[in-house]
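Novice: Turn these sequences into a full structure, and let the hints guide you.
The listed protein sequences derive, respectively, from chains A and B.
Take the first sequence: its letters are residues 35 to 341, numbered as in my numbering.
Take the second sequence: its letters are residues 37 to 317, numbered as in my numbering.
It should be emphasised that the hints constitute simulated quantities derived from the structure, not laboratory data.
Just so we're clear, the structure is a prediction, and the values are computed from it rather than from any experiment.
Treat the hints with care, as some may be off.
Sample of chain B residues at the chain A side, in silico, Cβ under 10 angstroms [stated by the list, open to error]:
#	residue
1	L153
2	D155
3	V156
4	P175
5	N300
6	D304
Not close to chain B: a few residues of chain A, all C-beta gaps over 10 angstroms, as computed [said to hold, decoys possible]:
#	residue
7	V43
8	R90
9	V253
10	I266
11	F333
Output of the computed footprint for chain A on chain B, the stretches with three or more beta carbons under 8 angstroms from beta carbons of chain A [what the hints assert, rightly or not]:
#	stretch
12	255 to 262
13	276 to 284
Even for Gly, the Cβ is constructed at its ideal location relative to N, Cα and C.
Okay, here's what each chain looks like letter by letter:
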Amino acid sequence: MLYLVSRKVLLALFTVLVVIILSGFLIHVVPGDPVTTMMARSVTASPEAIAEIRQRLGLDLPVWRQVGLYVWRVFQGDLGTTVRGNEPVLTLLMQRLPNTFMLAVAGLVVALLIGIPLGFLAAVNRGRLADTAVMVVAVFGVSVPTFWLGLIMIQVFAVKLGLLPVAGSGWRNIILPALTLGLTHCALVARMTRSALVEVLGEDYIRTARARGLREHQVLLVHALRPALISIVTVVGLLFAYLLGGQVIVENVFSWNGIGRLAVQAMLERDYPMIQGFIVVFATSVVVVSTLIDVLYSFLDPRTRMQ
Amino acid sequence: MTDIVQRSRQDRSASLAILVGATIVAALVAIATFAPFLAPYDAMKMAAGPRLSAPSATHLFGTDEFGRDLFSRILLGARLSLGIGIAAVMSGLLVGALLGLIAAFSSRYVEIAVLRLIDVLYSFPDTLIALTLVAFLGPGMENATLAIAASLVPFYARVTYALSAGERAKPYVEAARLTGIGSTRLVRVHVMPNIGHSMIVMATIGFSSAILSAAGLSFLGLGVQPPSPEWGAILASGRNYITKAPWILIFPGLALCVTVLSFNLIGDSSRELFDPRRGRR
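Specialist: Below, the structure written as structure tokens:
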């Protein structure tokens with residue numbers, strides 16, 4: 035057990051390290067000179083200012099030393115400062131991170147609340163009309179672009195019906211973006227629930243439970259759904275990563291004050307230290323959450339502990 | 037017995053889904069190819085009609101903020117979406133397949149190194165990988181295509197590796213090895229014909245994700261730039277007219293949905309049909 039957990043943690047550290055190295059490297063794929071590109075959009079770009087930024091980013095050193103220096107600084111908690119405003123990147127990102135997590139969790143809850151019952155319905159009626167219907171809905175669900183669904187939500191609920199605010203960060207503002215994220219991601223949950231449940235329903239202990247004369251709903255809800263739900267926990271980590279990814283666009287649609295909106299703003303302004311910082315913080319969040327879920331899973335399911 | 041009945045029924049619905057998907061894709065390809073002849077107006081011409089006019093007989097999908105005909109723009113947009121999709125999938129598949137094959141048929145150390153790197157990248161959503169790459173490469177259609185292609189590489193590399201690792205253990209590979217041929221020839225002559233069809237199925241799965249990424253990037257202003265009639269770019273400008281002209285939001289989004297849906301229908305169902313290990317139980 036301890037071995038399993040430490041292995042997971044080591045793997046997580048490795049992933050974060052690779053991402054930090056890649057992110058330090060990315061600034062060197064910028065065509066032409068990154069500083070000139072960054073300053074092209076700003077009003078005054080004196081040679082002194084350019085030299086100052088070059089020096090600050092360490093762009094005059096050999097590539098491998100720059101990357102090494104970047105990794106070293108990141109491990110000390112220094113993600114650099116923004117090109118515009120010269121503010122510390124880490125502080126800016128950390129201010130917005132709670133907002134991003136709040137929305138991601140809300141979206142996750144919506145996705146699970148819709149996806150699990152749908153998958154359950156499909157698995158119980160496997161091969162019948164309800165199953166086909168749910169799977170068709172699932173294919174439709176993954177085909178709708180998140181940002182378009184968001185715009186349609188705004189058009190219908192905020193503009194036409196005037197029920198909810200268009201943008202902002204209050205509690206009423208979370209409803210539409212959370213629904214948008216949840217609806218576009220519930221298909222994955224439905225599919226996973228279905229296949230996990232179908233697998234469980236083929237197990238011997240289900241037949242035993244039925245043979246003992248238990249009522250069907252008891253067999254389904256107690257004996258089948260519980261182990262199936264445990265295996266759904268494993269996809270929650272993956273789902274969370276995808277939710278966070280989809281959120282980058284959704285935050286921009288709904289002007290939600292999270293790191294995704296900050297990142298896209300930085301991307302449009304070519305604020306490279308900010309973008310690099312976003313990559314590091316995003317990757318760390320994804321890795322931490324999925325590692326936690328992996329560990330949680332091995333506690334929940336005694337079968338994995340045996341191996 | 038019931039299993040066989042159920043299976044054939046599922047097979048039939050999967051085949052139907054592929055047929056529907058393929059028909060729509062064929063129609064889209066036709067539209068993309070003949071768009072300039074099909075379009076009633078020049079897609080770039082300003083003031084082809086009154087500004088922001090609602091859908092009518094003269095302007096099927098209405099007009100945008102510059103009085104351009106939306107129907108013509110969406111027809112022409114099919115070219116961009118499909119073009120970016122094809123270019124990104126082809127190059128992503130090529131690089132990914134190469135990486136996967138290298139991992140499967142070279143030394144143990146190379147295998148571990150490549151697999152670890154791919155696993156790290158694979159744990160992040162592909163749209164996000166494309167987004168960050170574009171942030172560094174700079175906006176524009178070529179860079180967006182390149183970034184989307186790169187974002188598909190981890191997926192294709194993993195699939196190719198999984199397929200070839202399965203082949204590696206088979207007797208025919210061992211027999212071929214015993215004749216003394218090199219790895220390159222082994223892959224080209226013996227392995228590729230056996231995994232090629234599965235890789236084509238995988239290629240269709242990448243399409244929908246590539247098209248969605250392209251539209252998302254353009255929507256954020258980091259992909260295809262206006263005035264190009266890319267669907268995501270049209271949606272981005274339509275956002276400002278959400279109250280006055282909702283049709284600018286509705287039609288490009290529907291076009292996007294139909295396109296992505298048709299590729300998903302083909303990809304999902306063919307995976308179900310051709311790969312008995314996944315999906316169906």
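Novice: Would you mind marking each hint as holding or not holding in the structure?
Specialist: Tested hints:
| no. | hint | in the structure |
| --- | --- | --- |
| 1 | L153 | 7 angstroms, holds |
| 2 | D155 | 8 angstroms, holds |
| 3 | V156 | 5 angstroms, holds |
| 4 | P175 | 8 angstroms, holds |
| 5 | N300 | 5 angstroms, holds |
| 6 | D304 | 6 angstroms, holds |
| 7 | V43 | 15 angstroms, holds |
| 8 | R90 | 18 angstroms, holds |
| 9 | V253 | 18 angstroms, holds |
| 10 | I266 | 16 angstroms, holds |
| 11 | F333 | 21 angstroms, holds |
| 12 | 255 to 262 | holds (count 4) |
| 13 | 276 to 284 | holds (count 3) |
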